[in-house]
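Each chain, written out:
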Amino acid sequence: MKLFGKLVNFEFRRFLPIYIILLIAVFLIQAADVAFYAFMMKSEITEAVVKHGISKERFLLDNGYVSMSNILSSSTFTLPIVMAAVTIFIYILFIWYRDWLGKNTFIYRLLMLPVKRIQLFFSKGATILILVFGLVAYQVAILPALHVLLKLIIPVDYRADLSIQGMIENFYYLKFLLPENFIDFVINYGFGITLVIVLFTMILIERSYRFRGIFMAAFYGIGSLILVFSPYILQGIMKGYFYENELLWLQFAIAIVVSILSVFFSNHLLNRKIRV
Amino acid sequence: MIKLNGVEKKYGRKSILNGVTFEAEKGQITCLIGINGAGKTTILQSIMGLTPYKKGEITIDGEKLSPKVMEKITYIPDAMTLLPKMRIKDAFQFMRDFYQNWNDERAKEILAFFKLKEEERISQLSKGNTAKVNLLMGLAMDADYILMDEPFSGIDIFSREQIADVFSSHLVEDRGVIITTHEISDIEHLIDKAVLLDNGVVKKEFMTEQVREDEGKSVIDVMREVYQG
Numbered sequence: 001m002k003l004f005g006k007l008v009n010f011e012f013r014r015f016l017p018i019y020i021i022l023l024i025a026v027f028l029i030q031a032a033d034v035a036f037y038a039f040m041m042k043s044e045i046t047e048a049v050v051k052h053g054i055s056k057e058r059f060l061l062d063n064g065y066v067s068m069s070n071i072l073s074s075s076t077f078t079l080p081i082v083m084a085a086v087t088i089f090i091y092i093l094f095i096w097y098r099d100w101l102g103k104n105t106f107i108y109r110l111l112m113l114p115v116k117r118i119q120l121f122f123s124k125g126a127t128i129l130i131l132v133f134g135l136v137a138y139q140v141a142i143l144p145a146l147h148v149l150l151k152l153i154i155p156v157d158y159r160a161d162l163s164i165q166g167m168i169e170n171f172y173y174l175k176f177l178l179p180e181n182f183i184d185f186v187i188n189y190g191f192g193i194t195l196v197i198v199l200f201t202m203i204l205i206e207r208s209y210r211f212r213g214i215f216m217a218a219f220y221g222i223g224s225l226i227l228v229f230s231p232y233i234l235q236g237i238m239k240g241y242f243y244e245n246e247l248l249w250l251q252f253a254i255a256i257v258v259s260i261l262s263v264f265f266s267n268h269l270l271n272r273k274i275r276v
Numbered sequence: 001m002i003k004l005n006g007v008e009k010k011y012g013r014k015s016i017l018n019g020v021t022f023e024a025e026k027g028q029i030t031c032l033i034g035i036n037g038a039g040k041t042t043i044l045q046s047i048m049g050l051t052p053y054k055k056g057e058i059t060i061d062g063e064k065l066s067p068k069v070m071e072k073i074t075y076i077p078d079a080m081t082l083l084p085k086m087r088i089k090d091a092f093q094f095m096r097d098f099y100q101n102w103n104d105e106r107a108k109e110i111l112a113f114f115k116l117k118e119e120e121r122i123s124q125l126s127k128g129n130t131a132k133v134n135l136l137m138g139l140a141m142d143a144d145y146i147l148m149d150e151p152f153s154g155i156d157i158f159s160r161e162q163i164a165d166v167f168s169s170h171l172v173e174d175r176g177v178i179i180t181t182h183e184i185s186d187i188e189h190l191i192d193k194a195v196l197l198d199n200g201v202v203k204k205e206f207m208t209e210q211v212r213e214d215e216g217k218s219v220i221d222v223m224r225e226v227y228q229g
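In the order they appear, the protein sequences are chains R and Z. Okay, so the first sequence: first residue is 1 according to the numbering used here, each after it adds one. Okay, so the second sequence: first residue is 1 according to the numbering used here, each after it adds one.
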């Protein structure tokens with residue numbers, strides 16, 4: 001267990017420089033978006049109220065309150081978080097391939113470590129999960145700071161302030177990543193973990209069987225996808241036999257089975273088939 | 001003892017190892033000799049579980065490869081296996097973190113022997129120094145067996161001499177060494193046992209001292225007989 005922790009720490013630190021750049025980029029782009037929006041609204045307020053003498057009430061009636069909710073749904077605000085998520089997704093592939101295809105073949109060292117090889121699999125998976133949770137936590141943490149920026153620019157009379165909970169509810173991606181109830185949280189992340197496990201298994205198939213492995217991995221990926229979505233196929237055949245809720249749980253149960261089988265298969269590949 | 005019994009390996013349809021059988025004892029230097037493509041590296045990788053083999057059995061002191069057995073054995077490939085951005089001291093820390101049998105004292109001794117500095121970055125090492133660091137990482141472990149893949153490949157004469165000196169030092173004493181090379185002249189006088197390979201087949205296996213004393217032949221003489229008929 002101690003070695004597993006060290007492996008996770010090692011993997012995390014390998015991505016840390018890129019991760020820090022991503023986090024800084026997320027903050028800067030979102031802060032710039034908030035500042036741009038706030039200054040634009042401030043200039044509109046100034047022009048309407050000071051230059052044209054429109055009353056505050058009239059302005060608010062025409063334009064509404066200035067609020068974080070208007071920014072949270074904008075594409076420029078969501079772009080950096082999507083960009084960070086895409087980077088982490090690409091890293092799901094890169095986290096394995098960098099050990100084979102880098103300047104030095106670090107995979108030799110990893111496979112020779114005195115740990116069960118499946119621990120390499122889990123440590124890389126845990127690293128991805130930490131990166132995702134870290135990104136979500138960071139986004140939640142910077143929301144109040146961005147709100148302060150808005151408060152500094154827009155006078156209180158023209159502002160509708162939101163609580164953190166309110167901001168999360170208005171932010172589509174966060175609403176998905178941080179759902180209100182625990183069951184949704186488990187289901188969302190459960191499917192995410194299944195995706196990572198299947199992708200890892202596909203990579204290990206390719207690394208074990210090389211050229212042939214590309215087709216085998218594609219077959220495995222498509223097969224897993226069909227299995228996970230099979231309840232919906234069944235639903236189509238049986239013409240609405242299941243309730244939506246039942247379908248989701250059936251799909252979740254299949255995802256768990258696919259994940260467990262993939263882990264066993266990956267363990268087999270790492271111990272018996274993998275090539276440096 | 002590292003024991004290979006009838007090991008077979010194929011890449012696609014091409015046979016790389018055809019029933020390779022030999023033993024490497026602790027306290028001896030066993031040299032796998034053969035031209036490129038003879039199967040030398042594949043044998044070492046098969047022992048380490050870095051490439052799967054089709055048939056046969058490999059045991060280390062009677063046990064199959066497992067994380068526990070991994071502690072008994074250290075592999076020094078002909079490629080650098082540390083991250084380029086690491087400094088030598090980071091590599092030491094990595095080894096310290098993961099290997100219970102990492103010997104820091106010995107690592108520093110070898111570092112001084114090779115005249116390397118802990119602050120040096122892996123990516124900035126010359127080819128000769130890269131080979132030395134690779135060797136260091138393997139030798140600094142308190143492992144019973146050391147597998148070395150072409151440690152003299154592509155490096156200058158002075159580095160070769162330094163590396164060859166390691167073989168006659170206390171650093172490999174009492175350990176079982178399997179070394180692969182196609183440049184036998186550097187270590188001919190140091191090896192205890194030679195295994196001549198050709199196309200994945202063990203052509204001849206002999207104790208060098210015995211052949212020297214009984215038949216008055218060097219390893220190179222036997223190689224000529226085997227490879228050139």
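Don't read these hints as lab results, they were simulated from the structure. Worth double-checking, as some hints may not be accurate.
[Claimed, not checked] Listed below are the simulated SDA-like cross-link pairs for lysine to any residue, each with C-alpha atoms no more than 20 Å apart in a straight line:
{"hint": "1", "chain 1": "Z", "residue 1": "Lys10", "chain 2": "R", "residue 2": "Arg272"}
{"hint": "2", "chain 1": "R", "residue 1": "Lys116", "chain 2": "R", "residue 2": "Ile260"}
{"hint": "3", "chain 1": "R", "residue 1": "Lys116", "chain 2": "Z", "residue 2": "Lys10"}
{"hint": "4", "chain 1": "R", "residue 1": "Lys42", "chain 2": "R", "residue 2": "Arg58"}
{"hint": "5", "chain 1": "Z", "residue 1": "Lys14", "chain 2": "R", "residue 2": "Arg275"}
{"hint": "6", "chain 1": "R", "residue 1": "Lys273", "chain 2": "Z", "residue 2": "Arg87"}
[Unchecked claim] From the structure, some residues in chain R lie toward chain Z, with a derived Cβ separation under 10 Å:
{"hint": "7", "residue": "Lys42"}
{"hint": "8", "residue": "Leu101"}
{"hint": "9", "residue": "Thr105"}
{"hint": "10", "residue": "Ile274"}
Beta carbons: idealized from backbone N, C-alpha and C, even for Gly.
Next on the checklist: Are any of the numbered hints broken by this structure? If so, which, sorted upward?
Outcome noted: 3, 6, 7, 8
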